[in-house]
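Visitor: Given next are the chains, with one letter for each unit.
Protein chains: 2
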Amino acid sequence: MASPAVDFARSNQQRFLNELKDLLRIPSVSTLEEHKPDIRKAADFVAGELRRIGMENVEIIPTKGHPLIYADWLHAQGKPTALCYAHYDVQPAEPLDEWTSPPFEPTERNNNLYARGAVDDKGQLWLEVKALESLLKAGNGKLPINVKVIFEGEEEVGGEAIAEYVRKQKAMLKADFALVCDTELFAPDLPTLCVGLRGLVYTEIEAFGAKTDLHSGMYGGAAPNPFFALIEIIGKLKDSKGKVLIPGFYKGVKAPSKDELKAWKRLPFNEEHYRKTEVGSKVLTGEPGYSVLYRTWARPTLEVHGMPGGFIAPGAKTVIPAKAAAKVSMRLVPNQDPDDILKRYSNYVKKLTPKGIETKIKVWSKGPACVVGTDNPYIKAATEALHDTFKKETVFIRSGGSIPIVTDFQDVLKIPSVMMGFGLPDDNLHAPNEKFHIPNFYRGIETICRFFEKLEGK
Amino acid sequence: MASPAVDFARSNQQRFLNELKDLLRIPSVSTLEEHKPDIRKAADFVAGELRRIGMENVEIIPTKGHPLIYADWLHAQGKPTALCYAHYDVQPAEPLDEWTSPPFEPTERNNNLYARGAVDDKGQLWLEVKALESLLKAGNGKLPINVKVIFEGEEEVGGEAIAEYVRKQKAMLKADFALVCDTELFAPDLPTLCVGLRGLVYTEIEAFGAKTDLHSGMYGGAAPNPFFALIEIIGKLKDSKGKVLIPGFYKGVKAPSKDELKAWKRLPFNEEHYRKTEVGSKVLTGEPGYSVLYRTWARPTLEVHGMPGGFIAPGAKTVIPAKAAAKVSMRLVPNQDPDDILKRYSNYVKKLTPKGIETKIKVWSKGPACVVGTDNPYIKAATEALHDTFKKETVFIRSGGSIPIVTDFQDVLKIPSVMMGFGLPDDNLHAPNEKFHIPNFYRGIETICRFFEKLEGK
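Each protein sequence line maps, in turn, to chains D and L.
Numbered per my numbering, the first sequence spans residues 2 to 459.
Numbered per my numbering, the second sequence spans residues 2 to 459.
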């Protein structure tokens, strides 16, 4: 199907890519206080571009955390309204020495663009902006449908500001559906819509023993060691096979439908290939009796991400630290209530805390799982647009990750989300050598152009 | 008893203290590569002073690690020869924000000198040097006995260089006894000789899972998490009461004699007071059925000092790290062979390592326990000298810490060590706000003067 917007996008690919590189050079790491100016710089960069391409009411909205970016174009009377979401913040780049090229110096290799945030999520934010530019250019300043844009800068730290904003600005953000570009294709060249996400409760258990760090020679055998307390506690949160042992943890868990489970079995997925190429471990782990897709998409899990405290430099320091901590998170599935889970978890940790140790639990992030229906006109139009670009039938998958905002859109704004992402499974999200396959960046732009054009006619 | 050396020491106290401050300002942290120039600076400082006061053959001896310092004065024909040992390296000062005054800017408060290394061991090294200066001054350049000095710069990282040097230079270091100033008084004003030390095996277990860091949303439920592997392993190394579970771990353990145990019961020691003032924890931990002194002096223990890997900065990073590690050490008691223990430990860790994870064990330090007899003339003269200074009977204690060189002196040079230390139990060794009680610095100098003078007449 002819599309002047797609034509424009095609003849501007190199420029679009160069602009994305400029955005990737800004180290907008939202978890680290010292990057606050970079977060602001990235917001300015994105807002400036939205203004330049012809979006209206562009605004950088200050929050308690990192700023939101809003923009709209609302002159397509009688047409649907899309709420375009993405995030301009990124994960920390550590460990730096494992990157082949510097994380904030975008580098092309083998048709991939390597940089922190390349795919998660600056690359996918930028393809939304570039689709809007292409549509506005092709329409002489007009869009086929109404569009509101809301981009956030703290998705990687829990996205509290946008959650609050959505609750407070329901009317302003009202739309017919949300377009969320923060997911991936199930396989290269396979058009994919994500219709389910896991929730997340991310905590830090702090354990306190002696009043000060002590010499393990002098005090070993008498002073409580907070690391041992954490090891005792965490060792009892999950069994060696991966089953979470927190009482009542699985109580609410809603299983996927039989049809959904059947469809997953038809997906081009080979556990052995996945183990070798994606995970690269000797064996895969997790609850017995569930497939990998089931375990990572529809079963709740519990992980430890780091254990701050004590001595971690090379060498030997014989210290019994006064304090140690553990970053522990749980992924949730539909019908598990994050507050309920947090309560059960906190009570259990308290119960497991050995004598002589005090534990406190910090909550860094909290959001429920979300599953969206596949029978609405927006998912249908998206499916058609994907077919135009990829010439293949779209598969419906879930993701094990969490996009709490999708739940907020559903629960607060009462709108479904179209989770249309163009990453690949081996894009190294949150890890060294994150990349975005460059053809998928261009396909993303074209697909959104077609998607909105299709909605104009509906 | 009149002593011109003691008189000289008393009239030079302030200068001695100021010199010690200069030495403490050099951050000679042996565990950290970046402090190598400081280690050298500290060695130059000490060697320069040994030369200045009239010691002979002063030499900075390069090693594979940090340099040794040698000096001697051997003109007291027919008199005994002392081998004076101390170390000029220090532990890292982290966590820096818990220091009241900067760790490398020595500060006086309440008659204490606060600095990293104040008591462990630069302060005690300096009191040896200052005793030699006082004796040389009082003797017009002559010492009452023969003296060899051997100071090391890597005690805090295992002391490999001195161990090798002792083995290779037996003849050069031959003496009648060693004087080791690296221990503490059992209580303020209570003259103390340490006659037993625990050994140490300090390791790092490295655990490897996936080939790269992975997103815990995408891969939680499928990818092995090396932190969980470490938690599973370490949780089985020791039970919750403190009993080490490594098969055969307690096999060789030699219990103290009944007399020694009786003497320990007479020491001014109150577990509740120790818990409150020294440890500052809610309860004390450790093997049931043993007193605190027994547990920390004569029972082997196992501790975790830090768990490098993953994400430890403030905030939430949802990573399943490819690699994590744990610094695990064991304190050993007489008749436990470090090589045997290391083998049993390594085999057990290997056996406990869960599927999908690979573990490797690095050894940072390794040395056996040591107990010295109390019936030799050097211990006796030391006891008399302590009585002259403190006007009290000396108590014989052990220490839970490790000074591997004492074992080397015994096994290789076949000489007993007089472990005469002037620290206090609350001096915060290896912890923030390390201090040295200034009067004990002066008492140390005087006691060594008297000790050597007594040996002249024997």
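Any given hint could be a false lead.
Heads up, the list lumps identical chains together, so a pair's fine if it works in one copy or across two of them.
What the hints assert, rightly or not - Below are the PhoX-like pairs computed for lysine-lysine, each with C-alpha atoms no more than 25 Å apart in a straight line:
1) Lys-415 - Lys-392
2) Lys-356 - Lys-237
3) Lys-283 - Lys-324
4) Lys-283 - Lys-352
5) Lys-42 - Lys-392
6) Lys-283 - Lys-415
7) Lys-37 - Lys-266
8) Lys-171 - Lys-266
Just so you know, the hints here were simulated from the structure itself, not pulled from any lab data.
Visitor: So, for every hint listed, does it hold in this structure?
Guide: For each hint, the structure was consulted:
1. Taking identical chains as interchangeable, the C-alpha atoms of Lys-415 and Lys-392 are never at most 25 Å apart, the minima being 32 Å within one chain and 85 Å between chains.
2. Both within a single protomer and between protomers do Lys-356 and Lys-237 lie at most 25 Å apart by alpha-carbon distance, with minima of 16 Å and 18 Å respectively.
3. Taking the closest pair of Cα atoms, Lys-283 and Lys-324 come within 25 Å of each other only across two copies (14 Å); inside a single copy the shortest separation is 34 Å, beyond that limit.
4. Proximity of Lys-283 and Lys-352 under a CA criterion of 25 Å is satisfied inter-copy only: 16 Å between copies versus 35 Å inside one chain copy.
5. Taking the shortest alpha-carbon separations for Lys-42 and Lys-392, neither the intra-copy value of 39 Å nor the inter-copy value of 71 Å comes in at or below 25 Å.
6. Taking CA atoms no more than 25 Å apart as the test, Lys-283 paired with Lys-415 passes in neither setting, with 44 Å inside one copy and 51 Å between copies.
7. When the C-alpha separation of Lys-37 and Lys-266 is checked against a cutoff of 25 Å, the pair qualifies neither within a copy, at 44 Å, nor between copies, at 59 Å.
8. Taking the shortest alpha-carbon separations for Lys-171 and Lys-266, neither the intra-copy value of 39 Å nor the inter-copy value of 73 Å comes in at or below 25 Å.
The structure shown violates the earlier hints numbered 1, 5, 6, 7, 8.
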